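Trainee: Listed here are the chains, written in short residue letters.
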Amino acid sequence: GESVGLHLPTLSVQEGDNSIINCAYSNSASDYFIWYKQESGKGPQFIIDIRSNMDKRQGQRVTVLLNKTVKHLSLQIAATQPGDSAVYFCAEKGPTDSWGKLQFGAGTQVVVTP
Amino acid sequence: GAVVSQHPSWVICKSGTSVKIECRSLDFQATTMFWYRQFPKQSLMLMATSNEGSKATYEQGVEKDKFLINHASLTLSTLTVTSAHPEDSSFYICSASGALSYEQYFGPGTRLTVT
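Just so you know, the protein sequences line up as chains A and B, in that order.
Quick note on our numbering: the first sequence kicks off at 1 and runs consecutively.
Quick note on our numbering: the second sequence kicks off at 1 and runs consecutively.
These aren't lab readings, by the way, just hints derived from the structure by calculation.
Just so we're clear, the structure is a prediction, and the values are computed from it rather than from any experiment.
Beta carbons are placed, not taken as given, at the ideal position from N, Cα and C, and that holds for glycine.
Don't take every hint at face value.
[Stated by the list, open to error] Not close to chain A: a few residues of chain B, all C-beta gaps over 12 Å, as computed:
(1) S15
(2) T17
(3) K20
(4) T32
(5) E59
(6) L76
(7) T80
(8) P86
(9) D88
(10) S97
(11) S101
(12) R111
(13) V114
[As the list claims (entries may be wrong)] 20 Å max Cα-Cα, derived EDC-like pairs, lysine to aspartate or glutamate:
(14) B:K41 x B:D88
(15) A:K101 x A:D17
(16) A:K101 x B:E103
(17) B:K64 x B:E52
(18) A:K68 x A:D84
(19) A:K56 x B:D88
(20) B:K20 x B:E52
(21) B:K41 x A:D84
(22) B:K20 x B:E87
(23) A:K42 x B:E59
(24) A:K101 x B:E63
(25) A:K56 x A:D31
(26) B:K66 x B:E103
(27) A:K42 x B:D65
(28) B:K64 x B:E103
(29) B:K66 x B:D88
(30) A:K71 x A:D49
(31) A:K101 x B:E59
(32) B:K55 x B:D65
(33) A:K42 x B:E52
(34) A:K68 x A:D49
(35) A:K101 x B:E87
(36) B:K14 x B:D88
(37) B:K41 x A:D31
(38) B:K55 x A:D49
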């Protein structure tokens, strides 16, 4: 999706709590989705991915849920830590792009408070 | 995960000059490389996709004569910002993917400031 404005949505989470970051994607035919974490001044870092033939995938402390009916993707982070503070982006790949071109969402700023 | 480097990490140049940014995949063969730009507090905007040995495919609105992309080998792609102007100041990020996966591995980014 296209990002507008200068203010990222912000999610404030207390250390130790679980975080849920949501993303509405644009193309109902997208077949691959990725979550990235970006710390200030750095490039995005891969967190977890999921293909459209799945609705849930788990990693270490993270779970991605895919709801194709409403074109919704979420990232759950268990026991959030200060190091989880960053901007989180979801990205989708359309079915016709064999090169893996991704469309990035607007991003969510996660702030972990002590 | 795979390692992608960018050089320089930051650069300041005068208006009207050209700047070259290198993107290298250090431990795998990158059949496809992507170039993004990112303004403060905004998302990544894809500028172009390049496949090794082929001309880059530019996104709508990105001037190919201003942002020259070369992907001469499976480990190196370069982005040259020609006749840079202050509005070109941004964070430029490259990513690379191999033949077997859609996952993109991102470089650390290059902060370009045009004065």
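Trainee: All hints, please: hold or fail.
Mentor: Hint by hint, here is what the structure shows:
no. : hint            : in the structure
1   : S15             : holds (24 Å)
2   : T17             : holds (24 Å)
3   : K20             : holds (18 Å)
4   : T32             : violated (5 Å)
5   : E59             : violated (9 Å)
6   : L76             : holds (17 Å)
7   : T80             : holds (20 Å)
8   : P86             : holds (18 Å)
9   : D88             : holds (18 Å)
10  : S97             : violated (5 Å)
11  : S101            : violated (8 Å)
12  : R111            : violated (8 Å)
13  : V114            : holds (18 Å)
14  : B:K41 x B:D88   : holds (16 Å)
15  : A:K101 x A:D17  : violated (34 Å)
16  : A:K101 x B:E103 : holds (10 Å)
17  : B:K64 x B:E52   : holds (17 Å)
18  : A:K68 x A:D84   : violated (27 Å)
19  : A:K56 x B:D88   : violated (40 Å)
20  : B:K20 x B:E52   : holds (18 Å)
21  : B:K41 x A:D84   : holds (17 Å)
22  : B:K20 x B:E87   : holds (17 Å)
23  : A:K42 x B:E59   : violated (23 Å)
24  : A:K101 x B:E63  : holds (19 Å)
25  : A:K56 x A:D31   : holds (14 Å)
26  : B:K66 x B:E103  : violated (28 Å)
27  : A:K42 x B:D65   : violated (27 Å)
28  : B:K64 x B:E103  : violated (25 Å)
29  : B:K66 x B:D88   : holds (10 Å)
30  : A:K71 x A:D49   : holds (15 Å)
31  : A:K101 x B:E59  : holds (11 Å)
32  : B:K55 x B:D65   : holds (12 Å)
33  : A:K42 x B:E52   : violated (25 Å)
34  : A:K68 x A:D49   : holds (15 Å)
35  : A:K101 x B:E87  : violated (25 Å)
36  : B:K14 x B:D88   : holds (11 Å)
37  : B:K41 x A:D31   : violated (27 Å)
38  : B:K55 x A:D49   : violated (29 Å)
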